[in-house]
Every structure is written in C-alpha cells, then in structure tokens.
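Asker: Listed below are the residues making up each chain.
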Amino acid sequence: MKEIFKKYGTIIGLLIIIISFGILRPNTFLSLRNWSNILQQISLLAIISIGATVVMVIKEFDLSISSVASFAGIITAGLLVDGYSMYLVIPAVLGLSFIFGLINGFFVAKLNILSFITTLSTGTFLGGITYWYSGGSIIFSGIPREFLIWGQGEFLNLALVIWIMFLIVLLFWYIFNQTMLGRQLYSIGGNEKAARYSGIKVEKKKIIAFGLTAVLSALTGILLASRLGSAHPTAGGGYLLRAYATVFLGMTLFKQGEANVLGTMVGVLIMGVLANGLTILNVPNYFQDMLTGSIIIAALVFQGMSVKSN
Amino acid sequence: MKEIFKKYGTIIGLLIIIISFGILRPNTFLSLRNWSNILQQISLLAIISIGATVVMVIKEFDLSISSVASFAGIITAGLLVDGYSMYLVIPAVLGLSFIFGLINGFFVAKLNILSFITTLSTGTFLGGITYWYSGGSIIFSGIPREFLIWGQGEFLNLALVIWIMFLIVLLFWYIFNQTMLGRQLYSIGGNEKAARYSGIKVEKKKIIAFGLTAVLSALTGILLASRLGSAHPTAGGGYLLRAYATVFLGMTLFKQGEANVLGTMVGVLIMGVLANGLTILNVPNYFQDMLTGSIIIAALVFQGMSVKSN
Amino acid sequence: ESKEIAVLTPYLESVTTNTMIRAFEEKAEAEGWNVRVIDTKGDFNELANRYEDVIAQGVDAIVMGMGDPNQLRQQINKAVEEGIPVFGGDAGFIEGMKVNVTSNNYVLGAQNTSYLLNRIGSGKIVKLYHSAHPGVYQREVVFDAIVDSRDDIEVVAEHYVQVPGPIENAQQAMQSILLSNPDIDGVWAAWDEPAIGAELAIRQAGRDDIVVVGIDGNSQAIEMIAQGSSIKATVKQDFAAMGDILVEQIKSVFAGEELVDNILYAPADLITEDNAADFMD
Amino acid sequence: MTAKLLQINNLTKTFPGVKALDEVDFSLAKGEIRALVGENGAGKSTLIKILAGIYEKDSGKIIFENNELEINNPAQAKDLGLAFIHQDLNLIPYFDAVENIWLGYDYPRKGFKFAKKEMRNKVLELKEKLNFEFEIDKPVAELSTANQWLVAILKAFIMDAKLLVLDEPTAALTDKEIKELFINLKEIKKMGISIIYISHRLEEIFTIADSVTVLKNGKKVADRQLEEVNKNDLIKLMTGKAELVRFPARENREKSDKKILELQNLSGDAFSKINFSLYENEILGFFGLVGAGRTELMEAIFGLRDIKSGELKLKGQKIANKSPGYMIEKGIVLIPEERRTEGLVLNMGVAENISLPNLELMLKSNVLKNIDNQKVKKESKKLVEELSIKTPSLKQPVKYLSGGNQQKVVIAKWLYRNNSVFIFDEPTVGIDVGARTEVYSLINQLLAKQSGVIVVSSDILELIGICDRIAVMSNGSLTGILKKEEFSQDKILQLAYEEVR
Ligand SMILES: Nc1ncnc2c1ncn2[C@@H]1O[C@H](COP(=O)(O)OP(=O)(O)OP(=O)(O)O)[C@@H](O)[C@H]1O
Ligand SMILES: Nc1ncnc2c1ncn2[C@@H]1O[C@H](COP(=O)(O)OP(=O)(O)OP(=O)(O)O)[C@@H](O)[C@H]1O
Ligand SMILES: [Mg+2]
Ligand SMILES: [Mg+2]
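Protein chains in written order, with our numbering: chain Z, 63 to 372; chain D, 63 to 372; chain X, 21 to 301; chain P, 72 to 572.
Quick caveat, the hints were computed from the structure, so don't treat them as lab data.
It should be emphasised that the depicted structure is a prediction, and the values quoted were computed from it without experimental measurement.
Mixed in with the good hints, there may be bad ones.
Simulated pairs of lysine-lysine, PhoX-like, Cα-Cα distance not exceeding 20 Å [unchecked claim]:
#, chain 1, residue 1, chain 2, residue 2
1, Z, Lys-121, D, Lys-121
2, D, Lys-266, P, Lys-440
3, P, Lys-466, P, Lys-448
4, P, Lys-393, D, Lys-263
5, D, Lys-255, P, Lys-393
6, Z, Lys-255, P, Lys-128
7, P, Lys-393, D, Lys-172
8, P, Lys-312, P, Lys-470
9, D, Lys-267, P, Lys-440
10, D, Lys-121, P, Lys-470
11, Z, Lys-267, Z, Lys-172
12, P, Lys-401, D, Lys-263
13, Z, Lys-255, P, Lys-470
14, D, Lys-267, P, Lys-393
15, P, Lys-312, D, Lys-263
16, P, Lys-470, D, Lys-266
17, Z, Lys-121, Z, Lys-263
18, D, Lys-255, P, Lys-470
I would like the entire structure built from these sequences, with the hints used as guidance.
Answerer: Laid out in structure tokens, this is it:
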C-alpha cells in the first residue's frame, strides 16, 4: 500500500482531483467535449514541458525555452507574411532553433558555464532579436489561412495539436527508454563522471539534449502562433515556470526522482485539469490561485508522508 | 595569471564593462550622481538576491520570493492605510513572512518535497491571498508620508535604501563567513548527509534558511512599496528571474561554484551597471537585450576558457 | 433565472483593466447577472483555453476585458457557433463579436501628446512606451505620427518599459536619462505607471522644469497632479460610462435586438492641475 | 617473459601544489599480474587515471602494444581494450546492475526495443561465472556497498579487455567474494590478459600478483618479482621505515568495570534484541558478514535511525537517540563507513571539514555564534600533523586528497572533543599499512580519556589485533561476544555464519 503511494502518489492525486470535479460538475466536467478541450489545452504546455524534461534529465536548466518559443512564433509568422511557403519556413525555423540549442549546449558542456545563466543570457539575447524583428508588436495580418491548420485543425474529431502532442510524447518516451541516446542522457544525469568513465561522449550528448529542448520549444511557439492566428513577441513567456513546474511535479513520480516523460505528462494533466475544473466550478480568480497552490502541496504532502519512512 | 582569471573572472568582466561605459560617456556615467543612482537602483535587487543566495547555499530554490515581496508590499500598504503604525506593521509583516518561509522550509526539509515545486505552489497560494486582499488593484492613497522615508529618504547624501543594502550585505556576509549557522548551511549544501553525520540538525537549519530568504524578500517588497509610494499586487514579479540570474552569475566567482554573498553582489552590479550604462548610451531596447545577453555570456566564456584546463 | 457572464482578461493586474472590469461588474450585478472574472496573467494561450472552458460550460455572454481579439479568432468563432455573444470591453473588434466598447486609444494618445506639446512649445522629450500591449501601442502610433510632423520637437531618448514592475523600471531608466540628457523638457508616457516612475526620478533629481504626461487617470497619478508634481496631465477614461454602455448593449442582445454599431466610444477627460481635485475619490 | 603489453616512460603529473607522479617508468607483460603499492597519496590512482584517459599527463610516453599513443578520453581507453575499476565507485545510482554493466556499449536490440532479456542473460552468465551473489534488477543505489563493488567488477569483466586495472577492489568485499575474485583473476591471466592490481592489503598481493611496483611520493622506488621480496621489504620500500609493528601495544590496559554504554534489548529495522555493554577503557570489536546489520545498529545508537524498542544507557543514564547532534552532545560519536558520502563535504577544505562537528567549541562568542578562525586553524593544524594527513594546505578541498588521507580527515573530525564513546565503522578501509598503524595508535590514545571504543570491521585479523572483546553479529542478531582469551578466527566465523531468524 505504502509502496503504491510512493510510486503512484502523484497519479493518485490526479485521480482524486478528477473524481472531485466529476462529482461536483458531472455533466460539464466529465463530458467528452470537455475532455477534448482539456487535451487540446494542455497540448502546447505538454510539448514544451517535454522539451524542459530533456535538459532536466541531464540535471540542467534551460531558461531560454520561452524565448525560443516566442522567437519561433514571431519569425514563422513574419516569414509567412512575407510570402514564404510554410513548408519551407517551419523546417527552417525548427532548424535554426536547433542550432540555437546546440550553442546553448556548447556553452554549457564545452565551456562549463552553468546552464542557468547561459540560457538566461542566450534567451535574453534571442528576446532582443525577437523584439527587433517584430518591432515589439503583434504580427497577425497576412498570416495565410493554411498555416492555421496546425493549431486549429482537426483530425478524426480530435484537434491536430492533440495528435502532435501524442506523437511527441511517444517519440520522446521511446527515445528515453529504448534508444542509446536516451539511456546515455539518463546516465549523465545520474552520475556524469561515471558516464564519462564508461566511455560516453558526455559533452556531445549534452549538446544534443539542449538542441532537442530548443526544437520542442520552437515547435510550441509555432503551434501557438497557429493556434492564436498571431504571434506575440512575448507569447512564450507564460510557459517558463509552468513547464518546469510540470517537470518537477512529474519528478515525484517513478524511480528516484529523475525527470521523465510520463511524469511530466501527469504533471501537465494535473495543471490542465485544475485550471479547467476550477474555471468550470466558477471559482473566483484569486481563490483559484489559492486552491491550485494548496491542492498541489496537499498532493505532495500526502505522497511525501507515505514516502517519508526512509 | 590563469589563477587570477579563474578566481576573479567575473569581477574583471565587471571592470571591463565599467571602463567601457566610462570611456564612452565619461561625464555622465562616471559622475558621482550616476553612481549614487546605480547603487540606489540595485539596492532592492541586491536585497532580494541575497535572499535567494541563502537558499541557493543549501542547493534549494525558492520561487516564492517574488510572491512574498508583492504580498509584503500590499499588506504593509493596506495596513498603513487602515491607520496602523508603521513601527508595528513592518515588524509584523516581516514576522509573518518569516513564518511563511519557515512553512516552505518545513515542506522541503521535513516532508521532502522538492523546493522548486513547494515554493512555486506556496507562492501561487500567497499570490491568491495578495489578490484577494487588494482586489487586484494598486494601493496608494492614504499611505502615510513618513512611510516613504525608507525608500525615498537619504542619509549622509546617500539614499537610505543604499545603507540598508550595505547593512544586509555585511550582515549576511558575516553570517555566511563568520558564524556557525553559515558554515553549517554551506556544509548542508556541500553534502547534506555528511552534515547530518556531523551532528548538524539539517532540517532545522534548512527551515531557518527558507525563513531568512522570505524575510529578505518581504523587506524588498516593503522597501519597494515605500520607494514607489504605492503597492502593486504583482510588484515583485520582475525580481524572480533577475534575482536568480545574479546569484548564478555570482556563483562563478570564488570557490567551487557555491552561491555566495559577494558573488551575488558582483552579479547584481553587473546587471545594474549594464542596465544603467546601456540606457545612458541611448541603446534601443531590443539592442539592450542582445547586448546584455552577449556581454554576460562573453564574460563567462572568457573566464570559462581560462578555467577549462581542469 | 439569472444570466451567467464571463469576463476574460489577460491583464487584470493592470490598473486600468481592473478599474474597467470592476465598473462593469458593479453595473452588471445591479442587473442581477452573475459575473465571473478570469485572469490569465498575460498568457494568451491560457486565455484561449479559458475561452474554451466557458464556451463548453455554456455561459450566456462573454466579455473580453482588453486584449487583442485577433489572437482569439478561433475561440470567438466557436462562441458564435454556440450562440454565445462576445462583447469587447476596451478590446478590439473583429468579425463575429457583437460590439466593442472602448475609449479611443488613438484619441487618448492624441490628447496627451497635444497637451504636452502645447505646454512645452518645442524642445526635447523622452518617450516611455510598451508596444506589446495593443491599446498602449495605438497611443504610441499617434504620438510618433504627431512628433514626426514637428521639426521643433526631438525625441532624445526612448525606453521600452518592462512589465511587471513598470513604475520601478521607468524610474530607473529615467534616472539614467536625466543624467545623459539633462536638457529635456518633457516626458511622454504611454500610460500612467511609467509617468509615475518618471516623476519619482525627476523629483529625486530635484528638477521641476520637466512636464510629464500619462494616460489612464490612475488615481495615484491624479493625486500627483493635484499636488503639483511634474505630472501635469493624464487622460482619464470613463470606465463607469464604459460599464454602462456595455451593460446596455448586452441587455439589447439578450432582448434579441440587433446592434447598430460595432464600436462604441466612452468619453475621456483630460485631467490637469485645474480639474484634478474633481476626480479624486 | 613474454611480449610487452604496456610501457610507460618518464610519466609526470602535477596538481596544484602536488607532484603526484614524478618521472615514473612502468612496464607490463602480456598475462602479467602486477601489483601497484604505495602509501596513501603515493600516486597510484593518478597513474591509472592517466591510463584511463581521465587525467592528462604533463609529460612522458605511453606505449601500448608497441605504439606510442595519447589517451585523451575514457572512450579511447575503452577502445584500446583497457578496463578499469576505479577507487571511487562509478555507477549510475538509479540504473540497475544490468544497465550499469552494459553502459558504454550499444545495448543489443530486438526490433524497436532493447533486448532486455539478452542483456540480462549476459550479466547473469557473467555473475555465475564469477560466482557473485547480488540482485541484478534493483537500482544499484539500493545495494550495499559491497554489492556495488561487485557490480563495478562485473562492469570491467564484460568487455574483452587486454588490460584490467583494479584500484582497491577488495576494500569493501568479504573474504568469500575476495576468494572468488582471485580465482577469476587467475583465469583471466591464463587468457593472456594483463592485470594491474592496487591494494593496501599486502597479504593479497602475495596471493595474487606476479610482480610489484612500489611508488613513494610520486616516484617509483622499486620493481620486483614477488619471489624476491617479503612483506617487510615491501613495507620498508613503501614507508621508508625499517620495521613496523602492525598492532601497537597499549600501555594502560587495566580493565575497568565501569559501564559506559549499555544496550538492553535494542531493536530496529535491521537488528533485533541487541544486548551488550561497553566498558571504560575498552575496545569492543564488531564482526559480521556483509549485511549483518552492524552499520545499522551503530547508526541507530548514533541517532541516525529509529529504535523500535529497547533501551540505551550512557553511564547508567537512560538516553533517547534523538539525533546525531544530541548524541554528540552526550559524547557518542560515529566515524562512518562511507567517507566520501557520509564523512566529508568534498568541496570544503581540510580545516573546515575537521571543525564542522566541533564548531560550537570553536566560537568567539556564544551569543553571536561567530567562529574563531584562529582556533579552527590552530586546532586543525594540530590534528593534521598528529595524523600526518598529507595535504598541501589546510584550505585544500578534501576532494583532491587521496583516499587514505580523506579517511584520516574523517577521523580527525572526532578527535577534537572529549567523547565517551567512539564508534568506528570500517576505519581502515583504503588506508595504507603505515597509516593503519597510526589509526590503531590513535584508537589507543582515545582510551586514555575515560572512553570506550567500538570498532566495526570486516577484517578479522585487525579485530583480533586491537580489540579487548569481539562481538559478532549475524543477520541482525548478536550471536556472541568473545573475550580476548577466546579469540580465534574459526570461532568468530562460526558465530558470524550462525543461522538466526
Ligand atoms: N584532482 C586532483 N587535484 C589535486 N590533487 C590531486 C588530485 N588527484 C590526486 N591529487 C593528489 O595527488 C596525489 C596522488 O594521489 P592518488 O590519488 O594518486 O594517490 P593514491 O596512491 O591512489 O593514494 P590512495 O592509496 O590513498 O588512494 C595526492 O597527494 C593527491 O592529494
Ligand atoms: N540504503 C539502503 N537501502 C537498502 N538496503 C540497505 C540500505 N542500507 C543497508 N541496507 C541493507 O540492510 C542490511 C544491513 O546492512 P548493514 O550495512 O547494516 O550491514 P553491515 O553488517 O554493516 O555490513 P556491511 O559490511 O555491508 O556494512 C543489508 O542487507 C543491507 O543490504
Ligand atoms: Mg588511490
Ligand atoms: Mg557496515
């Protein structure tokens, strides 16, 4: 029993939250429509959180994720408005962001600069570029309709972003659990020295990790622009803390507290369900904050209590 | 030579920045008046950053610092408007914040919840309270004039906040370098288990650390309210990232990369001087971001290069 | 049975948004409606999420509290499909919405810019702005246009004000600007908070020859004007009127009437030393 | 002899303040087992870390299979066929043994997934071959230290190595496992694989090695075939001292009947119903097989673990085992088993580590609680000298000290106070012969101050050599306490293997 709480405490917390909302507003909250809403609402947070998970696996921070997302959204929108084809622009922006991530990784892995300050600085730099490119204001008029498909379209009755999220979750779950790269990243996070002594090219893998994080952040930014039909130079700002919150929440799941894709997804769901459910319950704004804070703490205390005996 | 760069690279970086601005705008930038401005401008950031340093010494995060600052500002302003004496209100708010910090510490130390998620949650909770208390709007009319002394008054030709900052820096430098508590906190940060085996009451000290962080955050919030003559429910929001940026910047100074008061102060100065100098140079906003990002990275790369050979 | 009205905003923490929404709440509650305010702290994706939630929940009307509707096209369309009317409160207007009640930001910008220029005649001014906010951006556009057309006015420094913490940020920037440009005559702020920051810096520097103007009619700014600070003018949007108009428009829609206008403007008053006392609570 | 596998010429390596290797020559034939010995800090680990591509050499040549080469990183060393078991265990805590052992190689695949089964089988096979016993499916963090070493050893055995380097692999192993290891090392030798073997247990070297190289202060002082030397010769080469008494005699050995520590039916998670008394001026040994529960018992006495039932008495007074801080105040201290993770703050300096548990005795003012830095310096300097800790300065971060010197720092932490009970958990693991004798002398000295000492050790000879009585534990129970006159290896082992439920 204890073991179950220890292992799945956060999931149990999530279930309790869902059940509570379900009892309070069965018709609205439990409706299919609402769940398809919830899934859609969490999808972008999920993607960027998985990005954050990648660097957290190697015990690093990437604070540039929100800047990358904003940058990608603005540049994509700008280039589309300039008339370039979306099939050219999207890969190009993802590629550019990947390179940006590699540079982050280079500073961290090769030059040994703390990732927190590295990515804060490169993020600030990128933010400057984004401002410069956009003049500080929203880009929206002239964005071609076909671009909006990604963020607003549907496939088999589910929003396309949900499918994209599923794909990313699956892909990264696979990378982390069934590929050498994934295992090596975990080994670096577990004991960098041991990984190096085992012959793993630690620096290279770290750099790749930062690259992947940046790509996922950029993808989030692009999808966000498509979802909102417009790009805002600080659109990604809201994701930074929330992404890490979900990763940390997820870290309390499974094993010894490492960042992991499934944990992150549970974290994302907890956040998404809370926001959705509290809105449906008509809870006043300030009270939502108090409740969100308390519910998360309560869930963790609950789990912590059962784990404590170690 | 290498040793010098290794040890004082960040300080050298700071000096280079100062000299560059000095050459570009000798009359303005190097004027006494401007330096008294800079010191005043950094004072609040310095105080909250030292708060962040305290928890970073024990390798924990406190993300509630900005919420505590906002909370303290609003409650202080609110109570003053209600007619309570400032000599009662300020200690009470600091005390309340201290207790809040102890609660953070309790969750982290006693219940083993990751500090990142604990303080994010408690911070969200406190944010809710702040909103509820203030109705989400600014509090200013009715704040007694005498309260404004703290943030706007002068003493011996220097702003009072500068003196307060000096006092705090000195006090915490002393605590960390000359007292048992400081040494014990560092040992907990270095190896919690070894600290415990050395008979240190690890939990208790951790809880105290969180308490101290909260007090300094609250002090920052109160001084900010006094300085602006008004309190805003999200006034502290801007400090979160900047405070940790300075701490991390400072961690590249001295020793093995632990957070430390002097390092943090150099970090604060770098940030403050950059913001001030670039504004004096009339550098456009977006370009300021790019420059700030690049200069910090350059300074660290520069130092990193010289350290690398280890 | 009482009507459910959801007010969604990304900017509740901004003083003006807050005042406007409160004014509306008061009027709407007097009608017996149930008003709920949802804030997403500047996050538009979250804003879109919350739109979806209230649409799924089937509220009777949605009020968009500031924010650019262009970013919420899809959600507005959804609301239309569900037959939920969407009203703008100091937001923008796009197809599908019923109406936007606002003060004309271009006019606000023109009002405070003209006041500033009239007062100083000619000279050097500082611009404090924030283009990311659409309404605030519109004021800037007007300011730029007017200043461009005047050869005797020079913008010697401009600062993009950081949010959150605009007062402190503007104050710090102003301190530096005062040192590098001691000969400025005026400060144009795109809203009141940076104007207050500028005033704090000017006061600290012991200057009294600089004219600062803002927009919004923030009560702290009005008090400062009344006390004879460097802030000489602000433009107060009449939020109470805005709330009234919004409530009237919603009532008409509930009654099944077609609305005639897409955009309705609430009046705005220029507040200076002469009339500041009238506007203090 | 047969062909040369490895030849090292004039190898030099300096660290800030330390010349760790000074023009060292070294050569090794195919199929040779070469022991590498020397005092703590002599440079043994540094030498092999250069071979492993972890440290960069300052100068010198490395010739492997007749090619001069540079080894720039561990991956390259691995590709050359060099396998290492380093002194500091290098495992990924949350990986299980299977994955730890495979790490560094491409895992076998089956379709889209890793062939977990194949990986597992390979490890099982290897484990069987070496006759090791431990759980391979648990995260290694949950294994005992001894078992973690077994994992590290298997990890080196999985590759087709040409050279196997073991840096003190037996420090944490039991006799049984050591025996198995040696059988396997001999097998390996037969396959033509060379071995470099580092150990402070000189008896082992005579069992396993063909030849020996002695380092002293970074210089090579001798290369010998083992037939040519005996133990005393080696000790002399290592320490420069003519003769060494292994177990220093104690002067005031009169017995006391004053009970200092008394346990009555003490039970905890891994031990039950423990009864014994520790007398003043007594050294009480604790022997047991790995996992017998000795460490847990001691940690419980020290306040680190909960007591379920039973009583603890100090000088006749009942006390609660609240916390280590409280026990230290009362005069009970523990010198823990794992120095790197439990004993030291690696980033802190020598003086800072030594003063850490004694800070309240080194204050300028009891109100301000400010540290008297002069006193800290003076007292730690005294202890550093007393224990002859080899360090360039009092400020040197202890992570840069050699393993043995680290252990001395851990001991030094507790010598400053006047304590009633000293508990040493495996105090001589990884310590050179000379230093070991010093530790024994130190333990003797402690008794002079009206205290009692408990020594937990897996080295029977050591216990027989220094203790007044030896308690033996098996499976969480105390199976017997032997008086000095009853000491014999057989008796002790018999008690240790006694079946208890
Ligand atoms: N990374 C390092 N930085 C600074 N000094 C070091 C470092 N590694 C080792 N040393 C120093 O080099 C010397 C040789 O250390 P080494 O670890 O090789 O000794 P050793 O012979 O393996 O000793 P032990 O038997 O105690 O393990 C010691 O004085 C040690 O303090
Ligand atoms: N952190 C831990 N996690 C899981 N099991 C543990 C842990 N620590 C100890 N154990 C187990 O508890 C039992 C008692 O271990 P303990 O360390 O007290 O034995 P010991 O007699 O001191 O032997 P050793 O020579 O291994 O130290 C063993 O089975 C050990 O594997
Ligand atoms: Mg060694
Ligand atoms: Mg043990």
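Asker: Which constraints among the numbered hints does this structure fail? Numbers only, ascending.
Answerer: Violated: hints 8, 15, 16.
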